[in-house]
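*Asks:* Protein chains in written order, with my numbering: chain S, 1 to 520; chain L, 1001 to 1489.
The set of hints was computed from the structure by calculation and includes no laboratory data. Some hints could be false.
As a list, the in silico EDC-like pairs of lysine to aspartate or glutamate whose alpha-carbon atoms are at most 20 angstroms apart [what the hints assert, rightly or not]:
| no. | chain 1 | residue 1 | chain 2 | residue 2 |
| --- | --- | --- | --- | --- |
| 1 | L | K1157 | S | E444 |
| 2 | S | K363 | S | D157 |
| 3 | S | K451 | S | E441 |
| 4 | S | K155 | S | E104 |
| 5 | L | K1108 | S | E104 |
| 6 | L | K1108 | S | D157 |
| 7 | L | K1157 | S | E441 |
| 8 | S | K363 | S | E444 |
| 9 | L | K1360 | L | E1350 |
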Amino acid sequence: MDFSGQIASLLNASAILPEAIVIVTLLLVLIIDLIFGRKSVPWLPYFAIAGLLASVIALFYGWDNPNPTSFLGSFTSDNLSIVFRGTVALSTAITILLSIAYIENTGTSLAEFVGILLTATLGGMLLCGASELVMIFVSLEMLSISSYLLTGYMKRDPRSNEAALKYLLIGAASSAIFLYGSSLLYGLSGGVTNINTITATLQAGEGLESLGLAIALVFMVAGIAFKISAVPFHQWTPDVYEGSPTPVVAFLSVGSKAAGFAIAIRLFVTAFASVTEEWHFIFTALAILSMVLGNVVALAQTSMKRMLAYSSIGQAGFVMIGLVADTQAGYSSMIFYLFIYLFMNLGAFACIILFALRTGTDKISDYAGLYQKDPLLTLGLSLCLLSLGGIPPLAGFFGKIYIFWAGWQAGLYGLVLVALITSVISIYYYIRVVKMMVVKEPYEMSDIVKKYPPVRWNMPGMRPIQVGLVFLLIATSLLGILSNPVVTIANKSVSSSLVLKASLEARINNISATEIKTVL
Amino acid sequence: MLNLLLILPIIGAIIISLLPSEKESNLNKNIALIFSSFSFIITCLIALNFDYNNGNFQYQTFLSWLPFLGLNYTVGIDGLSLPLIILNGLIVTLAIYNGETKQNAVNKPKLYYILILLLTTCVNGALIAQNLLLFFLFYEIKLVPIYLLISIWGRDKRNYAAIKYLLYTAFSGIFVLTAFLGLNFLTDGNSFDFDKITTQVLPQAKQILLLLTIVIGFAIKIPIFPLHTWLPDAYTEASTPVSMLLGGIISKLGTYGLIRFGLQLFPDVWGDISPYLAILAVITAIYGSLIAISQTDIKKMIAYASLAHINFVVLATAAGTPLSILGAICQMFAHGLIVTLLFHLVGIIEEKTGTRELSKLHGLMNPYRGLPFVGGLMILAVMASAGIPGMVGFVGEFLSFQGSFSVFPVYTLICLIATGLTAVYFVILLNRVFFGKMENKTGYLPKVQHFEHLPAVILAVIIIFFGLQPSLLTNLSLTTSNSIALLSN
């Protein structure tokens, strides 16, 4: 009795209740599909969405968990992880909403798609709270392998196959590199795998280990930079985005990326606390490269999905400013931006999916003159793109200005200036699309738009997209103006996180020390 | 009351967007007109109830908005923003009215009027914002409506002009934002509220750096040589009402920002950079005038004239004496009225004759076949622009030069030459376009209806009224300009 109680308290299984809900949903989806067969259960995707929302509610009730450590320290369900897990689950819920018509249109099975997507979500959610090297690797692989499957889901489309193969090869290599990095860490620390305690043992034996630690750092950065598609680990992004089914891209660009950032925060702040300067430096370089390359190359794209791929690389660069700032405001601005990014990027993808469903193309020039035919779609895509470009009063403006503010406060003047200049460049290519849709005269309309089918929402699968689109648009327009509660939550999640506490305190001491120096 | 200025146009825009049909051009227009004239009436009411002996902000509203950013909804109005708000209300109403005929009826009227109403809100917001980030927010929002207004309803090269405008203004925004962020952190403030920021605590080098960033940001917007190249393209390629808005009110945001966030926030180091600013202003004024002389397109000529005249404001701001600041405010007001009038008249000429080329237009004063009434108004506008006494232009220029002379005597004299040059290019314009013999092959030009030149008549009346009663104009801002001005001078 006593023993089992001890075990139960060590396991603390209630911490993963949200994940458990996702697992149950996943199993039920597969079983129902198995028993009743394809086409007979049209409410299956909605069931999955309900499961995900239930998981979000469970996360909400897990807020301020007094005992966040579970499974002997391999999973931490603190507020920081809750925020990120919520983001991942929410992004999947919306992705499913957007994918119903798309998947049915291609004639493949929806239940399997939802199943794989839920598995990826599970991996992403576990990754957000993972605090042990093996756990990190397992959940990372869970996310990655399901993502490979998803990118190759359109098995008859050669581009989808190509994307899946590219993603698989590069992804497997980066996983291997990440694993090698963690094995180095394991060796250096003398067999410790928990990232919260690894620092102590690493710091105990300084000197010879530093080179090994540096190599481990670089390898693990490479693994995570692949997930968040930071330059120079971004090569897969444009090809995969272009080839994969669009709903999958929507998930990859938001859910998968959020999970990547979550683990980046947790891993580098704890395990690499002794080499803070170094990882700051690496991420500064990654951020500058991502912002410049992502935003500049996006200028030259002709395919909408490729353009959004490069834009997402650039956006990842902006988010990394918060990571490099390594302050309370920095982390909460990251969380805030990722949360907003969820809505505006998914909104953009919703519009692209809708356009692709009606016309079957995603070339930017084919959008010419869309305003005359479909004002709602034009308005939606314009709002989301302008928000991504950081035009007030949309959500993206507030997200960006908060990140710049945090970066500036942390003294990253150069980084913020690069971000400001590249964000002007980004306005140019976002507004190019808006111009294409709104400005063109009727006689300049593209052939595709001329043959644009009449807008009908009552076709199968269209209603969910409409609901999703309207929800995303409202969030994109209002979340910035009413961002106070969201930022409060983000702030609370950062300040209550034990993981970040030590780092932030050290950082504050450091800053005040340098300030004293400058004053003297 | 002040908040209504922001809300009313947005309500109008929402109502227009909910209208069922795109075809009903008149309905869209009338709703836009109703809402813009409502907000104009409100500005007039504000002016009537304004306490002219109080140099501080009035009608203040404070709402805590995003405390984590230091962004509060803080609005208020003083003698610097009051004339510009009135100007904005007037010009927007006239631009929406713009004597629409069958030929120049806008296509996509719904979008057009929504954008103009949004633009009104942005300009009003920027003028009354007393929080630096709030100002920046409005300053950035207006980018998209203007971009679309130029690139949808402009002339042949509109795409090029619109993109150029967009990029220049976006960079202007970056400079302004950088300076604001720097200001906030260097002075260790946690709020971007205007009255809570003092720069005097900063070391001088940092103050100069920040001021320089702000000045460059607004110099793009005003614009000052050599950052002016977007101006002729944007002004000429835009349609007549949009040109009226651009030249009449949007350009004032730059000079407003220069006074509000340059001079007023950095009184200590303003003197260190003002001579250079004055030199650039003089160069721009002379340069603009000379280029205007060589133009063959009358709209472009007016664009360059506007460039030259707005830099008198910059000179007066640089001088920073009580009189010159008053002059700067009056000159902004006068410049807005005159440029709007000129662009409107050019729009009528272009519509009736189908061309803007100096070489193709002759003898429009012809009482039977020409446009005599437009010609008369044009002569009046040109006289006002050249600073003939009895018009509002004289008030602005006289006060500006009188105030600046004690600080920059040489530059002021050179600027006087630029006003002389105004007479040169406008005489060329009048002489070629309106006088002389009208070619017989031109035939009878279509008659200008009364409703078409109504905006011009209104503007002309106001120009003469304030020219004869300048004290009404100067009283609006006298107290404020005294408190803004550098007392050390």
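*Asks:* Against each hint, give a clear statement of whether it holds in the structure.
*Replies:* Against the structure, the hints:
1. K1157/L to E444/S: holds (15 angstroms)
2. K363/S to D157/S: The given pair, whose Cα atoms are some 18 angstroms apart, holds under the 20 angstroms limit.
3. K451/S to E441/S: holds (16 angstroms)
4. K155/S to E104/S: Holds, because 14 angstroms separates the two Cα atoms, which is no more than 20 angstroms.
5. K1108/L to E104/S: violated (37 angstroms)
6. K1108/L to D157/S: violated (40 angstroms)
7. K1157/L to E441/S: With a Cα-Cα distance of about 14 angstroms, the restraint between K1157/L and E441/S holds, given a limit of 20 angstroms.
8. K363/S to E444/S: holds (16 angstroms)
9. K1360/L to E1350/L: The given pair, whose Cα atoms are some 11 angstroms apart, holds under the 20 angstroms limit.
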